[in-house]
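Visitor: Residues per chain, in single letters:
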Amino acid sequence: MTIKKLSPEELLALDKFSIDEGHPHILVDKAICAKCTARPCLIVCPARCYRQKDGQVNFEYAGCLECGTCRVVCKDKGVTSWNYPGATYGVTFRTS
Amino acid sequence: MADDKFDAIVVGAGPAGSACAYTLAKAGKNVLLLERGNSAGSKNVSGGRLYTYALELVERGLYERAPLQRKIVREQVMLLNERGATTVDYFNPAFGEQVPQSYSVVRAALDEWFAAEVESAGGMVACGVLVDGLVEQNGKIVGIKSGDEEMLADVVVAADGVNSLLGQKAGLFPDASSHAVGVGLKETIELPDSVINARFGVKDGEGAARVAIGCTEGISGGAFMYTNQGSISLGIVFNPEQAAKQQRHIQDIFEDFKMHPAIQALIDGGTSVEYGGHLVPEIGYHGIHKRLYREGMLVVGDAAQFGINTGLIIRGMDLAIVSGLAAARAILNASSVAETGPLYMKQLEELLLLANQRAYQNFHNIFEISRIFSGYPQLANDAMQFMFTVDGKVPKPMIKGLLGVVKKHASFGQLAADGWKAFRSL
Chain A
0 MTIKKLSPEE LLALDKFSID EGHPHILVDK AICAKCTARP CLIVCPARCY RQKDGQVNFE
60 YAGCLECGTC RVVCKDKGVT SWNYPGATYG VTFRTS
Chain B
0 MADDKFDAIV VGAGPAGSAC AYTLAKAGKN VLLLERGNSA GSKNVSGGRL YTYALELVER
60 GLYERAPLQR KIVREQVMLL NERGATTVDY FNPAFGEQVP QSYSVVRAAL DEWFAAEVES
120 AGGMVACGVL VDGLVEQNGK IVGIKSGDEE MLADVVVAAD GVNSLLGQKA GLFPDASSHA
180 VGVGLKETIE LPDSVINARF GVKDGEGAAR VAIGCTEGIS GGAFMYTNQG SISLGIVFNP
240 EQAAKQQRHI QDIFEDFKMH PAIQALIDGG TSVEYGGHLV PEIGYHGIHK RLYREGMLVV
300 GDAAQFGINT GLIIRGMDLA IVSGLAAARA ILNASSVAET GPLYMKQLEE LLLLANQRAY
360 QNFHNIFEIS RIFSGYPQLA NDAMQFMFTV DGKVPKPMIK GLLGVVKKHA SFGQLAADGW
420 KAFRSL
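Here the protein sequences come in this chain order: A and B.
Be aware that the first sequence starts at 0, since it is given in numbering that gives the first Met the number 0, and climbs by one per residue.
Be aware that the second sequence starts at 0, since it is given in numbering that gives the first Met the number 0, and climbs by one per residue.
Hints in this document: simulated from the structure, not taken from any laboratory.
No incorrect hints appear here.
Pairs of lysine-lysine, DSS-like flavour, derived with a Cα cap of 25 Å:
| no. | chain 1 | residue 1 | chain 2 | residue 2 |
| --- | --- | --- | --- | --- |
| 1 | A | Lys52 | A | Lys29 |
| 2 | A | Lys74 | A | Lys34 |
| 3 | B | Lys244 | A | Lys4 |
| 4 | A | Lys34 | A | Lys52 |
| 5 | B | Lys139 | B | Lys345 |
| 6 | A | Lys29 | B | Lys244 |
| 7 | A | Lys74 | B | Lys289 |
| 8 | B | Lys244 | A | Lys52 |
| 9 | B | Lys139 | B | Lys168 |
| 10 | B | Lys420 | B | Lys406 |
| 11 | B | Lys406 | B | Lys392 |
| 12 | B | Lys420 | B | Lys407 |
| 13 | A | Lys3 | A | Lys15 |
| 14 | B | Lys28 | B | Lys139 |
| 15 | B | Lys144 | B | Lys168 |
| 16 | B | Lys168 | A | Lys76 |
| 17 | B | Lys139 | B | Lys289 |
| 18 | B | Lys244 | A | Lys34 |
| 19 | A | Lys74 | B | Lys168 |
| 20 | B | Lys244 | A | Lys76 |
| 21 | B | Lys144 | B | Lys4 |
| 22 | B | Lys289 | A | Lys76 |
| 23 | B | Lys244 | A | Lys74 |
| 24 | B | Lys407 | B | Lys395 |
Computed footprint of chain B on chain A, listed as stretches where at least three residues anywhere in the stretch have a Cβ under 8 Å from a Cβ of chain B:
| no. | segment |
| --- | --- |
| 25 | 10–19 |
| 26 | 45–51 |
| 27 | 57–68 |
| 28 | 86–92 |
Every residue gets a Cβ at the ideal spot worked out from N, C-alpha and C, and that includes glycine.
Make a model of the complete structure from these sequences and hints.
Guide: Right under this line is the structure:
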């Protein structure tokens with residue numbers, strides 16, 4: 000193997016996830032995000048769960064690393080609910 | 000119901016929670032340690048390096064049983080510019096002769112070991128249990144909720160990490176503030192031990208710890224690198240507020256840092272095996288939550304926002320362990336539940352945790368000097384380039400040349416102001 004720049008998808012593919020299908024542990028209110036101009040989540044979420052598409056903030060909980068950064072930086076409280084995934088779900092770190 | 004009641008329920012099997020539960024179990028208390036991950040450590044990300052004295056406080060010789068990675072004998076500080084690096088390397092193989100001062104650690108291994116020690120000591124450990132609420136009675140915390148289940152205890156110890164949803168639910172403190180935390184990104188890169196030894200100039204079992212600045216595109220923050228057994232932990236921490244004010248994603252800045260020629264050479268040929276993200280308490284003493292207990296509940300470790308970052312020394316796990324020990328001692332010494340909280344604060348003083356925090360209490364003000372993160376690392380490298388360049392042309396006089404380099408990055412007024420600010424912060 001050789002060291003190279005990894006894409007967001009490649010980075011997350013290194014990790015082990017167990018996804019609780021249909022039960023997002025973080026809830027985002029798109030209407031609130033639509034009015035937010037700062038949108039810090041787009042820059043600081045380590046997993047890039049927040050992406051901008053057609054001017055809207057889209058949130059995908061599947062690759063969440065459960066760090067809490069989005070909740071802490073969200074000023075307008077577009078992150079309406081932030082919890083850890085249910086027991087046994089989410090990311091499992093083995094070497095960190 | 001009284002039969003089912005625990006003396007203490009500890010939520011979170013990180014270093015703080017396990018140190019607390021271990022001490023209680025050793026003293027014969029009926030303690031339950033709950034962990035939301037499938038195994039202890041599976042939700043945790045840290046740099047990481049553990050200062051060994053903390054485990055020694057819990058029990059002499061405990062560190063000898065722990066799955067520690069490498070004894071740190073090299074402390075390295077790296078100043079980066081775009082392609083260059085100026086590195087200070089302090090080598091001391093005798094660092095902490097009797098009890099080694101610090102080791103690199105991997106949390107999945109360390110935390111799993113510590114939780115197993117709790118079990119061996121007679122504590123009950125349950126992984127895969129998410130605590131999502133507290134049980135209150137007459138204004139006191141008397142237990143926890145997990146889904147539909149309730150479990151009761153004299154004291155609940157919240158060791159639930161930097162986000163501490165439990166501390167917030169108990170009304171002890173508001174959510175962590177974005178200026179008080181750093182967002183960390185980390186890759187674990189596997190490399191053979193022989194390669195690590197050769198590249199870092201260490202023997203088997205010995206390792207290097209490195210911090211780097213000048214790699215965050217001017218954002219308040221810095222990078223770290225720790226040598227483990229068979230892997231390197233490479234990471235970077237940003238102030239999230241500042242990071243959000245610019246356009247590049249922090250992951251891209253991190254990946255660029257990884258490919259910096261001076262970094263890439265150290266990890267070349269390795270394999271990236273894991274990617275993590277985590278929040279860390281960043282501002283030390285002033286970031287510690289003001290209320291760390293109420294009747295029936297104590298808050299320990301990252302949940303309390305204990306942490307010290309001087310730029311050279313980054314401490315979290317040792318403080319977590321000491322605070323867990325303090326909580327356990329408070330529970331053991333208290334003759335009533337109501338006494339536990341004040342006794343916990345007293346123990347934090349007696350074990351010198353708060354004194355350590357206070358000793359560095361203004362240190363984070365240094366990080367308000369924005370030139371630390373870009374201008375000064377560049378200045379250092381330009382100065383090196385000037386001093387080491389030989390091209391047959393007539394060189395400028397040394398002083399004049401160096402002054403020219405300095406002026407390029409900061410005016411004398413700025414230097415004086417930054418110097419004064421640094422002096423005031425130390």
